[in-house]
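**Q** Here the protein sequences come in this chain order: P and Y. 122 is the number that our numbering gives to position 122 of the first sequence; each next residue is one higher, with no gaps. 676 is the number that our numbering gives to position 676 of the second sequence; each next residue is one higher, with no gaps.
Treat the hints with care, since some could be wrong.
Residues from chain Y that face chain P, not an exhaustive set, calculated with beta carbons under 7 Å [said to hold, decoys possible]: (1) Ala157; (2) Ala158; (3) Leu629; (4) Pro632; (5) Ala713; (6) Asn717.
Every beta carbon over 12 Å from chain Y, so not counted as near; a handful from chain P, in silico [stated by the list, open to error]: (7) Arg14; (8) Phe18; (9) Ala34; (10) Ala41; (11) Leu73; (12) Leu91; (13) Arg99.
Hints listed in this document are in silico derivations from the structure and should not be mistaken for laboratory results. What you are looking at is a predicted structure, and each value in this text was computed from that prediction instead of being measured. Glycine included, every Cβ here is placed at the ideal spot set by N, Cα and C.
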Amino acid sequence: MSKGPDVFFRTLVRPIVFALLALGFHFFLRGHNAPGGGFIAGLIVATAGLLVRMARRRGLLRIRSDVLMPIGLLLALGTGVAPMLVGRAFLTSAHGTLRLPGIGTFDWTSTALFDLGVFLVVVGATVTIIDLLAEEGGLAELLERGGRPGARKRADAGPEEGDDG
Amino acid sequence: MNPSLLLPVAVAAPFVGAALAPLLGPRLRARSGYVLWLAFVPALALLAFVGPALRGRPATSNLAWVPDLGLGFTLRADGFSLLFALMVAVIGVLVTLYAASYLVPGERHGRFYGYLMTFGGAMLGLVLSDNLIALFAFWELTSIASFLLVGFWDSRAAARDGAVKALLVTAVGGLALLVAVALLGVAGHSATLSGLDLAALRASPLFPPALALVLVAAFTKSAQLPFHLWLPTAMEAPTPVSAFLHSATMVKAGVFLLAKFGFLLDGTSMAQVAMYVGLLTMFWGSYLALRQNDLKALLAYSTVSQLGILTAMYASYHPLGATAHLVNHAAFKAALFLVVGIIDHVTGSRDIRLLSGLGRRLPITTLLAVPAALSMAGVPPFGGFVSKELFYEAMRQEGWLPAAIAVTGSVMTFAYSLRFLSVFFGPYQAEAPHVHRPHAAFWLPVLPLTAAVVAFGVLPPQHTLATALTDLAAPGLGFHAEPLALWHGLSVTLALSVLTWLLGTALHLARDRFASLQEAFTPGWNANTVYYALLAGLERFASAFTRLTQGASFATHLRVLFVGMAAADAMRGYGLILPSLSPVPVDMALATGLVIAGIGGTLVTRSRLSALIYLGLAGVASTLIFVLLHAPDLALTQLLIDTVTVILFLSVFRFLPAMRRYSRPISLSVLDGIIAAGVAATVFTLLLAVQQPVAPRISEFFLRFSESLAGGANVVNTILVDFRGYDTLGEITVLVIAGLSVLALLRLQAQQPADGDRPSEAADGPGDAPEEASA
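Chain P extracted, bound-state conformation (with noise of 0.2 Å):
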């Protein structure tokens, strides 16, 4: 086998990795209503990234994933105080419909931000300790040698790839 991870492998991983990636955002949007919500959909778009840190030895993501963890606290955080300025109680949600002319309408609900800050955090979290877990324990190369539990010293690993966050 030449270098990285099988071919099928890395063909087959774009086509999933975007299915995967849709579906997150299906079960993101219908959460509050059937099955999903933001901690669903952050697992599922985690293991997206697991996807292509095991077929590109890259990150899902171009940005720091690390940086989605503060940015979802401070969105759920926010969420909940928003509602004190206006003098009701800590995370008091507020819903209702709104309706576009010509459009149609949309049933719309403050917690699906509060659902946003949970998703950045899974996927901040969750993709972080992937990426930092793959580079250190060489997740690529574990599967270029096809699966076998490879060197137990740590010894004689080469340089570790460049660091991408």
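On the provided structure of chain P, position chain Y as indicated by the hints.
**A** For chain Y alone, coordinates are given in the frame of chain P:
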């Protein structure tokens, strides 16, 4: 001015300054001080409330905090609080301006000013809070700010040691205050200081312990015996900090507490104890101050001694003299500290033995220092003389023993004040052959302090400036104000003062002989040796306890954990009613069988890879159970978690040593078996027990109101993001912390720890899946 606005703004402004300091620091560097002093201006504006406070109608402001619990963020500017707040604001402004000259280039200016401003805000909050819990919070915040400022030059071991010592000692007091505040609130039926029901409080059995705890808090903060040890080592802080925190304001927080709670203390036996603690501190502090060769250390022990005077006077309920001395001490001690900072800066030394004759080289600095030092010595016509007379008067009323201790301590005070002054006189001597004179911006902030020292004694002749300040405190502390005057006529007190000066001068002249006497009588142990012994003992205990419960062997760790868990659950679950068991459906039995097969396989296999596959089996089978129970959200989450876990596990394989079996004695296997069976039985019983409803099930509520209240049909999701959003917020916070910890461990760690063939037991278990957000 609207008090409900100005009071919170006065407290908040320094915090805003603290937030801005890191932005200003890199640009303006030390000169940030010329901007940041403005943060104390709202506190200076509190002067507007002096009128109402004098008439006994203090300004108040109340912000809703937890209205459901009757808690409000209440600020109340009674006369005494106002006096303290104005003192903090004035010295805060002067010290901030002074720091701009004191700090050298290359210092972390943003950080320094940030800490300093944080302290200023906390101190203002502390003195103005009427709410007991807010008072406690600000009290602790001053301790933390002090810790950060003492350890500001953190590359010095002494600074780190001093910071930790200051924090530990004051934190003990903080804990005492927390309990005291809770007891007072319960016994006095109020969360505010002004609203305490005194009659109910005095009658309550909680009163004596609450009072004792208040005293512990006050003694630790105000460095009274035996807690005085932290203050001298806190002098590792930059000098502006020593002047602001460790002489003028923060260390007086304990005295402030004593004064505020004076009405509680009055007439109890604990008042006597507190008075003698204060007197002994005063004596011991001045005795130790005589031994110091470092100008700053001398002032530090002097501060301990002066705080003893304040404690003794407030505890024996002589608020007039105490308040007069409080103001005097703040003025002369802050001035002296700032002068020492200047001397240190221009000569490069603070050693009394190496310095003399500075008067001719630094005439302005000397002019600023001499009145302050004479005030400290209690010499007329300065403010210190007036309050020293009041101190003698008060102690004479308490009996001959307190008076004798007071005079002895004051003799030594007089002697060390002369010693301090000796650096300005005589032939010139310093390390640097030529000293450059400090520029005006350096000494100008000292000028108002020294001016106050003089004014408190002489201006105006019959009805001094200090009288106005004690008048202000009078309605707040509930005492009758009297005009203070320099000349009281010929009296016993005056005779005692004259005696003090004579003996003090004699002691100063015979200082070498006295020093050798002190040397000879130094005991082998002191508060510091006790502190370090306690600290070492605590460390030994902590490491022994950790070794016992969380030792190197993972198996032992797990045993302790499981036995503890089972014991706790068994205690909690004792006496619960268990429901009868229902028959298990076939599909559920099959799925459960798969889970058991997965776990069994993981245990018996000899290959890590197959263990992982078995583990995956158990996970997927659990997913199946969730599907059978009609819980699609849980099933999805479980499936995803399991997938991610298995793959992550693969990625760290290469770090793990090969699986090996270690033979273990049969007795240990039996023990582990018993523990496992016990845990299983406890968990099973508990699970059964929680099936029995003890209250109406909350799930009904969620099912009914999910659509109308949260606007969502998926109840699991509305619970997660809406009904119990607080939980989720906590969980994602944990997730962020976990993610950042992994980041810190793997990326930021410069060196990977050697991870060789560490013996791992066969029980080396599967890794934990990331914690899932549970509804």
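**Q** State for each hint whether it applies.
**A** Cross-check of the supplied hints:
The beta carbon of Ala157(Y) comes no nearer than 34 Å to any beta carbon in chain P, farther than 7 Å, and the hint placing it at the interface is violated. Nearest Cβ of chain P to the Cβ of Ala158(Y): about 36 Å, over the 7 Å cut. The hint is violated. Evaluation of the Leu629(Y) hint against chain P yields a violated restraint, the C-beta minimum of about 13 Å exceeding 7 Å. A least Cβ separation of about 4 Å between Pro632(Y) and chain P falls short of the 7 Å threshold, and the interface hint therefore holds.
Interface restraint check: Ala713(Y) against chain P, minimum CB-CB distance 4 Å, threshold 7 Å, status holds. At a threshold of 7 Å, the smallest CB-CB gap from Asn717(Y) to chain P is about 4 Å, leaving the interface hint in force. A cut-off of 12 Å between C-beta atoms confirms that Arg14(P) is not in contact with chain Y; the least separation is 18 Å. No Cβ of chain Y approaches the Cβ of Phe18(P) within 12 Å, the least distance being about 18 Å, so the stated non-interface status holds.
Distance check on Ala34(P): its Cβ comes as close as 6 Å (rounded) to a Cβ of chain Y, failing to clear the 12 Å threshold; non-interface status is violated. Taking the minimum C-beta to C-beta distance to chain Y, about 10 Å, the non-interface status of Ala41(P) is violated against the 12 Å cut. A beta-carbon of chain Y comes within 12 Å of the beta-carbon of Leu73(P); the shortest separation is about 5 Å. At roughly 5 Å from the closest C-beta of chain Y, the C-beta of Leu91(P) falls inside 12 Å, breaking its exclusion from the interface.
Taking the minimum C-beta to C-beta distance to chain Y, about 15 Å, the non-interface status of Arg99(P) holds against the 12 Å cut.
Hint compliance for this structure: hints 1, 2, 3, 9, 10, 11, 12 are not met, and every other hint is.
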